[in-house]
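Numbering follows the working numbering, in which position 123 of the sequence shown is assigned residue number 104; successive positions increment by one, without gaps.
Hints are computed from structural coordinates only; laboratory data are not their basis. Do not take every clue at face value.
Claimed, not checked - Listed next, the in silico SDA-like pairs over lysine to any residue satisfying Cα-Cα at most 20 Å (straight line):
id: 1; residue 1: K20; residue 2: E39
id: 2; residue 1: K176; residue 2: G158
id: 3; residue 1: K176; residue 2: R(-16)
id: 4; residue 1: K133; residue 2: E39
id: 5; residue 1: K155; residue 2: F105
id: 6; residue 1: K79; residue 2: V111
id: 7; residue 1: K59; residue 2: R42
id: 8; residue 1: K59; residue 2: I35
id: 9; residue 1: K59; residue 2: L27
Quantities reported herein were computed from a predicted structural model and do not represent experimental measurements.
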Amino acid sequence: MIRGVIFDFGNVICRFEYDRFLDRLRQWSTLPSESLREKIFGSGILRRFECGDIDTAEFHRLVESAIGAKVPEEAFFKAFTDIFTPVEDTQSIIRALKGKKRLGLLSNTNELHFRRCIRTTPVFPLFDSVTLSYEVGALKPEEAIYRDALRKISIPANECVFIDDISAYVEKAKAIGMRGIHFESPQQLRADLAKLGTLL
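Start from the sequences, fold in the hints, and give me the full structure.
Following this line, the structure appears as structure tokens:
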């Protein structure tokens, strides 16, 4: 029996588009979007931020250095966080599950996205447990982050289902004993949860 449902955040609860961030950076940098993408995402700066190796101030400084431009702090924070769009149907599913199952959140994320976006999402207070990569110091699909989520939700792996839009992350959850659903749409998610007897 499934007693715990653990959700990924990005592209499941809210969609995100980093291109919006890159487009805004071009107000200060003369580099084309693809060069900006490589310098920020290809260089490992974001990964370090999401592992908790660097804090928000250091992330800002390293991005400025990488793109060769000064970006005012608040403008940078707004550009970096204004990339999310709610997936309303997924949030409706979360509301329907509340009180019937224990709900967990498991996300590769950083302190800026958490403070300004994730924790301000309307369904965030419905989660019984929250596991964030920058706090754990591990990223999916590292086993440590899944173990943290299971410890916090306090339910055995075989009684939990993990939902993520990245199939490799779902497969890792299965490898440690959880059920897994590869998210493609809220309609498909609802159907797959119903098959598990988790949502009618």
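Verification of the hints:
Between K20 and E39 the CA atoms are separated by roughly 15 Å; this keeps the pair inside 20 Å, and the hint holds. Distance restraint check for K176 and G158: the Cα-Cα separation of roughly 18 Å lies within the 20 Å cut-off, and the hinted pair is therefore satisfied. A distance of roughly 14 Å separates the Cα atoms of K176 and R(-16); the hinted pair therefore holds under the 20 Å criterion. Distance restraint check for K133 and E39: the Cα-Cα separation of roughly 29 Å exceeds the 20 Å cut-off, and the hinted pair is therefore not satisfied.
Proximity of K155 to F105 is assessed by CA-CA distance (about 25 Å); at most 20 Å being required, the pair is judged violated. For the suggested pair K79 and V111, the alpha carbons sit about 15 Å apart, so the restraint of at most 20 Å is met. As the CA atoms of K59 and R42 are separated by approximately 15 Å, the hinted pair is consistent with the 20 Å bound. A C-alpha spacing of about 19 Å is found between K59 and I35, which places the hinted pair at or below 20 Å, so the restraint holds.
Restraint check: the Cα-Cα separation between K59 and L27 comes to about 16 Å, which is no more than 20 Å; the hinted pair holds.
Violated hints, in rising order: 4 and 5; the structure is consistent with all others.
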